[in-house]
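Listed in order, the protein sequences are those of chains E and X.
Terminal number for the first sequence in this note's numbering: 769, no gaps in between.
Terminal number for the second sequence in this note's numbering: 591, no gaps in between.
Quick caveat, the hints were computed from the structure, so don't treat them as lab data.
The beta carbon of each residue, even a glycine, is placed where N, CA and C say it ideally should be.
Each statement offered as a hint is correct.
Pulled a few chain E residues facing chain X out of the computed Cβ check, cut under 10 Å:
no., residue
1, A602
2, I603
3, A613
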Amino acid sequence: MATSLHEPPPINARGLADYSGNGGGRNFLPADGDLRAVQDYPLAPAKTGIWVALAAITMSFAALTSALVVRQGSAMDWHHIPLPSILYLNTLVLLASSGTLELARRRLARYPRKLESQIAVGMRWLVITASLGLLFVAGQYVAWLRLKSEGLYLATNPSSSFFYVFTGVHAVHVLGGLWGLAYVISKLKRSMLGRNTFVAASQYWHFMGILWLYLLFVLWMKL
Amino acid sequence: MEPMSAHAATHHAPPQGFIRKYVFSVDHKIIGIQYTTLSLVAAFIGMALSWAMRIHLGWPDAHIPLLSMFSPNGAPGGLMTPEYYLSLMTMHGTIMAFFVLTAAPMAGFGNFMLPIQVGAADMAFPRLNMASFWVTFVGFVLACATFFIPDGPPLSGWTAYAPLSAVGTVAGPGQGWGQNFWGLSIAVFCVASLLGALNFIVTTLDLRTKGMTLSRLPLSTWAWFINAWVSLLAFAVLLPTCLLLVLDRLGGTSFFIPAGLVINDQLQPHSGGSPLLFQHLFWFFGHPEVYIIILPAFGIVSHILPTFIRKPLVGGWKAITYAMIAVGTLSFVVWGHHMFVSGMSPFMAMVFSVPTLFITIPSVIAVLIWTFSLYRANMRFDTPMLFSLGFISLFISGGIGGFFLAQPSTDSYLHATSFVVGHFHFTMGLSAIFAAFAGFYYWFPKMWGRMMNETLGKVHFWLSFVLVYCVFMTMHLTGFAGAVRRYSAFVDDFMVPLIPTQRFISVAALLLGAAQFIFLFNAIWSRFQGPKAPDNPWGATTLEWDTTSPPPFDNFGGRQITVYHGPMEYDGEASVMQTSPEVSVAGT
Numbered sequence: 547m548a549t550s551l552h553e554p555p556p557i558n559a560r561g562l563a564d565y566s567g568n569g570g571g572r573n574f575l576p577a578d579g580d581l582r583a584v585q586d587y588p589l590a591p592a593k594t595g596i597w598v599a600l601a602a603i604t605m606s607f608a609a610l611t612s613a614l615v616v617r618q619g620s621a622m623d624w625h626h627i628p629l630p631s632i633l634y635l636n637t638l639v640l641l642a643s644s645g646t647l648e649l650a651r652r653r654l655a656r657y658p659r660k661l662e663s664q665i666a667v668g669m670r671w672l673v674i675t676a677s678l679g680l681l682f683v684a685g686q687y688v689a690w691l692r693l694k695s696e697g698l699y700l701a702t703n704p705s706s707s708f709f710y711v712f713t714g715v716h717a718v719h720v721l722g723g724l725w726g727l728a729y730v731i732s733k734l735k736r737s738m739l740g741r742n743t744f745v746a747a748s749q750y751w752h753f754m755g756i757l758w759l760y761l762l763f764v765l766w767m768k769l
Numbered sequence: 004m005e006p007m008s009a010h011a012a013t014h015h016a017p018p019q020g021f022i023r024k025y026v027f028s029v030d031h032k033i034i035g036i037q038y039t040t041l042s043l044v045a046a047f048i049g050m051a052l053s054w055a056m057r058i059h060l061g062w063p064d065a066h067i068p069l070l071s072m073f074s075p076n077g078a079p080g081g082l083m084t085p086e087y088y089l090s091l092m093t094m095h096g097t098i099m100a101f102f103v104l105t106a107a108p109m110a111g112f113g114n115f116m117l118p119i120q121v122g123a124a125d126m127a128f129p130r131l132n133m134a135s136f137w138v139t140f141v142g143f144v145l146a147c148a149t150f151f152i153p154d155g156p157p158l159s160g161w162t163a164y165a166p167l168s169a170v171g172t173v174a175g176p177g178q179g180w181g182q183n184f185w186g187l188s189i190a191v192f193c194v195a196s197l198l199g200a201l202n203f204i205v206t207t208l209d210l211r212t213k214g215m216t217l218s219r220l221p222l223s224t225w226a227w228f229i230n231a232w233v234s235l236l237a238f239a240v241l242l243p244t245c246l247l248l249v250l251d252r253l254g255g256t257s258f259f260i261p262a263g264l265v266i267n268d269q270l271q272p273h274s275g276g277s278p279l280l281f282q283h284l285f286w287f288f289g290h291p292e293v294y295i296i297i298l299p300a301f302g303i304v305s306h307i308l309p310t311f312i313r314k315p316l317v318g319g320w321k322a323i324t325y326a327m328i329a330v331g332t333l334s335f336v337v338w339g340h341h342m343f344v345s346g347m348s349p350f351m352a353m354v355f356s357v358p359t360l361f362i363t364i365p366s367v368i369a370v371l372i373w374t375f376s377l378y379r380a381n382m383r384f385d386t387p388m389l390f391s392l393g394f395i396s397l398f399i400s401g402g403i404g405g406f407f408l409a410q411p412s413t414d415s416y417l418h419a420t421s422f423v424v425g426h427f428h429f430t431m432g433l434s435a436i437f438a439a440f441a442g443f444y445y446w447f448p449k450m451w452g453r454m455m456n457e458t459l460g461k462v463h464f465w466l467s468f469v470l471v472y473c474v475f476m477t478m479h480l481t482g483f484a485g486a487v488r489r490y491s492a493f494v495d496d497f498m499v500p501l502i503p504t505q506r507f508i509s510v511a512a513l514l515l516g517a518a519q520f521i522f523l524f525n526a527i528w529s530r531f532q533g534p535k536a537p538d539n540p541w542g543a544t545t546l547e548w549d550t551t552s553p554p555p556f557d558n559f560g561g562r563q564i565t566v567y568h569g570p571m572e573y574d575g576e577a578s579v580m581q582t583s584p585e586v587s588v589a590g591t
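Use the sequences and the hints to build the structure in full.
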């Protein structure tokens with residue numbers, strides 16, 4: 547069969563506006579002809595991707611929640627355990643980190659047109675956010691030690707099992723968020739931070755806070 | 004907010020060294036080929052396992068020489084124990100369902116074709132894409148490693164029902180480290196699938212080229228996109244399920260192990276867990292999983308058919324796409340139909356039975372679209388077309404069996420028989436394999452730049468098609484006669500008369516496997532010796548055929564791609580490329 551090759555049609559951005567899908571207009575042809583370099587430019591995939599990732603994380607925790615509800619109702623062996631009070635302090639720390647991240651965003655909003663000093667302040671708030679995140683993980687560790695000192699281990703009771711699973715899986719996700727913040731900081735240091743990279747990392751971080759409030763509510767109600 | 008940096012763009016030059024180019028490559032085309040190759044290897048391993056099982060079922064006293072090398076305990080002298088039969092069955096199901104059927108049609112062809120079909124230079128996150136392949140590879144190695152540990156592979160089936168899968172070695176050989184490896188392998192596979200789904204979704208949403216509206220997406224891209232959503236939500240449930248299972252096994256928890264459970268005269272030190280909870284969590288993943296397997300097949304066939312019938316599908320892009328969306332959505336509310344006989348109230352059985360019957364509606368619509376589209380078509384019977392027709396035939400035959408199984412009353416008789424084995428091998432196993440073969444023959448020229456041999460392809464098709472019916476239609480019949488599945492030998496009075504039929508199935512299965520070597524030979528020989536493929540050997544219209552075979556590193560050689568038409572611009576011999584500004588011939 548014959549090979550059918552067509553000449554590429556002439557580019558007329560205005561005339562094509564009606565034909566364009568979502569991707570229309572993103573695919574500018576750069577001077578050196580390398581498409582990949584340009585597609586990275588608005589970095590919108592990072593912004594879309596983070597919502598997709600959050601959907602998957604939500605689904606995982608919904609599955610764990612339903613497992614908790616079913617497991618609690620399936621037998622009479624559920625012993626209620628008091629939540630370690632440090633959890634409430636940890637909650638404040640995590641919420642505060644969302645606040646400092648928002649402060650960083652405001653400083654960096656006009657980057658790179660803003661003054662160097664503003665960027666330095668933004669950077670400082672980012673570092674404070676990451677430190678608060680680390681403090682949260684350390685606080686969760688203290689909560690596990692507290693439970694351990696009361697003789698409540700992973701396998702002691704289904705309620706303690708679920709406590710360790712919920713807090714542990716959440717902590718792993720927070721560590722992922724810390725990696726994201728570290729990535730943002732390192733990019734900013736080299737003046738290579740893309741707007742959408744920052745937006746994606748901060749949306750993920752805020753979501754960790756919201757997720758933790760939800761988990762705390764479930765644990766407080768059920769354990 | 005303004006862009007924070009005007010220099011955010013990173014430059015990907017084509018990689019130079021062998022390792023960066025072919026091993027740890029970020030190029031979606033190489034990753035697609037890696038996935039396809041992995042699936043081919045997995046498929047032949049899975050097929051070898053089914054051979055061993057079929058030989059044992061037909062001739063229970065036969066000694067299989069190679070087996071004793073793999074497992075001196077499981078098959079002393081080559082004669083497999085009932086437990087080892089279950090191990091082989093477990094690994095056949097695991098390898099086929101995850102590493103072949105989930106991987107090949109979606110991750111294999113999808114990785115290679117989706118970015119090209121939307122006019123992008125690569126996936127949205129190339130490095131994540133590389134990670135998902137290599138994580139899958141680790142999962143596959145872990146699964147295969149179970150054959151080489153002293154205990155052998157687990158025997159709890161690909162569904163790994165608790166408490167058998169949760170209690171450890173007391174439940175039988177392979178339930179120690181074999182089951183641990185299994186849990187880890189599947190958890191790792193979940194992570195890889197989640198990363199892959201993320202990439203597919205974002206690429207389809209964000210990287211479409213100028214003019215590529217949703218209504219102009221090729222149907223294969225639509226299927227991969229819908230399927231990525233289903234995978235994302237389903238594997239996100241299987242991953243925590245694997246975590247809880249592993250904690251029950253290694254951490255001493257009691258999520259799935261009930262109180263007072265006695266196995267082999269040993270009281271298990273667990274309390275109050277719920278085996279049914281595991282089944283609910285597993286099947287919440289497991290039923291969407293069968294659609295994760297079949298939706299890409301829908302897409303591949305819907306993509307290939309218009310090329311070979313030379314006209315658009317009946318109902319245009321909308322009818323088939325909405326059917327696929329409906330199947331994907333409904334797949335999340337039918338999982339309970341796997342549990343009609345495992346302790347479910349009659350009311351709940353009805354709640355799950357009704358959507359199960361409903362999900363046949365979009366499936367039937369899809370089938371009707373394909374068959375009606377054939378009416379008065381000027382068909383070309385090249386090998387991809389033959390396999391597409393084979394897919395439709397197998398999907399209809401298997402789907403009719405589904406009506407019997409969706410009813411709780413008939414299901415309670417058929418559930419534990421080989422009727423179910425025949426049913427799911429038709430609907431999701433062989434249907435998806437036939438669609439994958441259709442895709443392989445169709446895209447081979449694009450992926451490797453050479454044509455496959457048509458004669459060998461046709462011989463491969465006809466042998467496979469006839470033998471598949473011999474094997475799995477006969478299984479439906481033995482199921483009606485009461486042949487219990489998962490038994491390693493038929494010793495009960497009512498099953499002894501079925502042994503000649505079992506031997507017929509075994510012989511047909513061995514021949515079916517042998518026929519696949521024709522395909523393997525054809526693929527390897529054509530890869531190196533086949534005639535050079537033109538850019539568009541089938542006269543197709545989508546973007547992958549508008550570039551060289553194989554495509555250059557950035558897919559279009561720096562060319563600006565603009566799309567003017569839908570993907571089904573066929574009218575007999577005439578066709579219009581999606582990128583051509585010419586007048587439409589089919590009005591799509």
